[in-house]
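Let the sequences and hints guide you as you build the complete structure.
From first to last, the protein sequence lines stand for chains A and B.
Per the numbering used here, the first sequence runs over residues 1 to 115.
Per the numbering used here, the second sequence runs over residues 1 to 113.
Keep in mind that the hints were calculated from the coordinates and are not lab data.
C-beta: ideal position from N, C-alpha, C; glycine also.
Just to be clear, a hint being listed does not mean it is correct.
[To be verified] Computed Cβ-Cβ distance ranges for the label pairs, DEER-style:
(1) B:Pro40 to A:Thr20: 19 to 29 Å
(2) B:Ser110 to A:Arg96: 36 to 46 Å
(3) A:Gln22 to B:Ile9: 28 to 38 Å
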Amino acid sequence: NAGVTQTPKFQVLKTGQSMTLQCAQDMNHEYMSWYRQDPGMGLRLIHYSVGAGITDQGEVPNGYNVSRSTTEDFPLRLLSAAPSQTSVYFCASSPRTGASNQPQHFGDGTRLSIL
Amino acid sequence: AQSVTQPDIHITVSEGASLELRCNYSYGATPYLFWYVQSPGQGLQLLLKYFSGDTLVQGIKGFEAEFKRSQSSFNLRKPSVHWSDAAEYFCAVGKSGNTPLVFGKGTRLSVIA
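Next up, the structure:
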């Protein structure tokens with residue numbers, strides 16, 4: 001199993017461009033989350049989903065959109081990139097039913113720079 | 001609301017010395033607590049977790065952590081640090097074991113000879 005796969009691993013954008021960060025998991029996990037990591041700030045939750053068709057906002061949702069059309073995929077969209085969105089983005093997944101003791105699996109991250 | 005405080009931004013220890021990284025949490029109910037490690041340019045690796053039961057939990061790489069409800073703490077310890085332990089360490093709290101987490105800001109560990 002591949003686990004949680006994030007693409008791309010690196011990306012440079014210009015201010016105002018749009019982009020979608022991809023996240024896919026092959027473990028049939030219901031829960032998926034997006035975090036951003038900034039120096040000295042730890043990881044902060046952007047958006048999360050408890051299943052296909054259901055999403056909710058986390059701590060820092062502004063400037064990001066998500067959708068969950070399938071169990072496997074949870075893309076993160078930047079509609080108009082801003083320099084403040086320069087960060088490392090992590091996707092995570094975990095099972096829901098009958099497995100409340102199963103912690104999140106994290107992807108390897110996407111390093112995004114906005115010029 | 002949940003929150004996590006890691007009071008130490010950066011710690012330097014000598015190889016072979018003992019280590020304790022501090023973590024304090026705020027959560028009204030029974031917390032689910034985690035420690036993750038991140039090497040430079042890498043993703044997050046789960047070191048250990050506490051859900052219930054024995055308050056002293058063992059993890060990978062020789063790490064352990066102790067949950068102290070009275071102090072709202074979940075400190076990470078290792079009796080003898082190796083140079084390969086140099087990394088950033090994150091404490092996190094969740095409402096359950098599989099829900100999104102609230103992370104501390106991290107503690108960077110440097111190991112000197």
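Consistency of the hints with the structure:
Between proline 40 of chain B and threonine 20 of chain A the CB atoms are about 27 Å apart, so this pair conforms to the stated range of 19 to 29 Å. At roughly 39 Å, the beta carbons of serine 110 of chain B and arginine 96 of chain A sit within the given window of 36 to 46 Å. Glutamine 22 of chain A and isoleucine 9 of chain B have their C-beta atoms about 33 Å apart, which keeps the hinted 28 to 38 Å range intact.
Every hint from the earlier list agrees with this structure, and none is contradicted.
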